[in-house]
Every structure is written in C-alpha cells, then in structure tokens.
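**Student:** Below, each chain spelled out in residue letters.
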Amino acid sequence: MNPLLEFAQWLQCTDIPTALRMSTYVYPIVLTTHLIGIAFFGGMIFITNLRLLGVTLRKLPASKVIQSLRIPKQIGFAIVATCGLLMASSKAEEYYYNWIFWTKMSLLALIGIHGLVFGRSVYRSPGDGVPPQAKLAASLSLILWTGVMIAGRGIGYVEPPLDKLHALLLR
Amino acid sequence: MAELLNSSPMVFPVLECIHIFGFILLAGTVALIDFRVLFALLPGESPVELAEDMLPWNLAGLGLALTSGSLLFASDPDHYYLNRAFQIKMAVLLIALGFDHTIHKRALRSGSGKLVPCISLALWMLVIGGGIFIGFVTGPE
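The listed protein sequences correspond, in order, to chains A and B. Reading the first sequence from the start, the letters are residues 1 to 171 in this note's numbering. Reading the second sequence from the start, the letters are residues 172 to 312 in this note's numbering.
To be clear, the hints were calculated from the coordinates, so they are not data collected in a lab. What you are looking at is a predicted structure, and each value in this text was computed from that prediction instead of being measured. Fair warning: there could be bad hints in the mix.
[Said to hold, decoys possible] Calculated cross-link-like contacts (lysine to aspartate or glutamate; reagent style DMTMM-like; alpha-carbon spacing at most 25 Å):
(1) K73(A) to E223(B)
(2) K73(A) to E216(B)
(3) K64(A) to E216(B)
(4) K285(B) to D271(B)
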C-alpha cells in the first residue's frame, strides 16, 4: 500500500486529530483562529507587497516595512499553519484524495521557492531603495497567496470518495 | 435573485473567495493599525498617518466584503436570518464598524492607551468567528 496513504490513516487516528474530528465546537474554533490569522497577518503580506509595488506607504522605505513586519508575519504564519495542520490531520485520509488540498500544498511549496529565489535580492536587501526585481517578486507573491486562499476555500467543495475511506470505520 | 445566484454551483464558492479577500483587506488593515499602536510596528509612521494610508484599502475591503456578503445572504435569506451565528455576526459587525469610525479614529488622534486597539481587534475576531460559525450551528429548519 501507498506509504503516504498509510501515514494519513495513522495520523488521523492519533489522539489529537481524533478529538478534533469528534468535537462539535473545537473544529470551528480552530478554523476561526486559522481565518483570524489569515486576516491579521495575511493582510501584512498584502501590504508589504503593495509597498514593493509602490502603491502604498510610500513615505516609508520598503526595506523598513519588510523588516518591521517580518517577525509578526512569522508569528502569524506559525499560528495559521498550526491550525491548518490540526484541521488537515483530523481528516488526513480524506485530504489524501483531495486534489484541491494538494494544489494548495503545491502553491505553498512554490511560495517557499519564491522565498529562496527572491529572499536575498528583495526581502533582505540591505539598501533603502526598491531593487529592480521587487515588482516581479511582489506580483508573484500576490498571485501565489491569492491562489492559496482560493484553494483553501475550495478544499471543502471536493466530495470525499466515501467508497475508498478506510478510517471512516473508526469514526 | 436567489434563483440567479443558485443557477451555477460555482457562484457561491466564487463569492466566498471574494468575501475572504475583502475581509482580509478590511480586518487586516485595521489589525495593522492596532498592532502599530500595541507593538510599535512601522515606527516611521504615526498611527494616524498609517490609518490614512490604509483607509482606501480598508474601504475597498469593506466594499468587497459587503457586496459579496449580501449576495451570499441573498442566495438563501431564510437560512441566514434565522441562523443565530449570523444574527450575532451582524450585530457585532455593526458595532465593529461604528467603533472603527468613531472611538477608534479619535483614540488614534489622541494617542490614548492600548485598550481601544484591543477592543478593536476583539470585535473583528468576533465578526470572523461569527462568520465561521454560521456553517456550524443548526437553525430552526
């Protein structure tokens, strides 16, 4: 059997994901925290990129905006990702078959690559000026994050393949 | 109206995405201003200047969230207006918007304390929570 599928089934049946799946109100609270994090800290990603595009906060050097928002964005990402992992693990087997979930994970991987490509030249550039690749980096970031957001909403619209779900018996 | 909105299964999820995008702008800009006051982010700009810079994006987000939200509501009004979470969300939304454009605005000018930004953040968190819980409470069918 596919080791990833086996892992998903095992993960889903561990204590915390099971408790989350069986709860009535904990799941929506985790989802709410996920979305609060997205609004509060995703908004910072948006503003940072708009600054790189030169359409807002023009009085502040782009490097200062990036630097000042780096730690809060990292904290925000940790909160959002933790909630996301909790929710995904509670339905791991179902998500294994969910193509939009994998699209979202692929987009997040692309964002990781985006960070590697532009990290040094744009987001950690030492000067106060806006480097030439900044607009490209900001546009790609906006597109990728918007894609993550759309895919995130789309996950819930994929019908679970009930005939294939094994861990369903353990609910 | 409801018929048109239910004519394709894609209409609802597309509106939901616009709604999410809108409230990221709406609540995200308010949160940025509140974090500015609470944690001295973006020290190069005063909270008032930051609020002025954020206002167009905040209003754009409000416009997107309200328009898409109204259309989501119109797709099945009976389902929503009887939903307790929806009722609470609307009440808190009105309070949050009122607070944002009165007390919050004035507090930024006078530079008074951390209570106002905390209340502001809490109100928007409740609005988002109300929105999520709409899908998790069962109304009187």
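**Student:** If a hint holds in the structure, say so; if it doesn't, say that too.
**Tutor:** Status of the hints after comparison with the structure:
no. : hint               : verdict
1   : K73(A) to E223(B)  : holds (22 Å)
2   : K73(A) to E216(B)  : holds (19 Å)
3   : K64(A) to E216(B)  : holds (11 Å)
4   : K285(B) to D271(B) : holds (15 Å)
The structure is consistent with each of the numbered hints, conforming to all of them.
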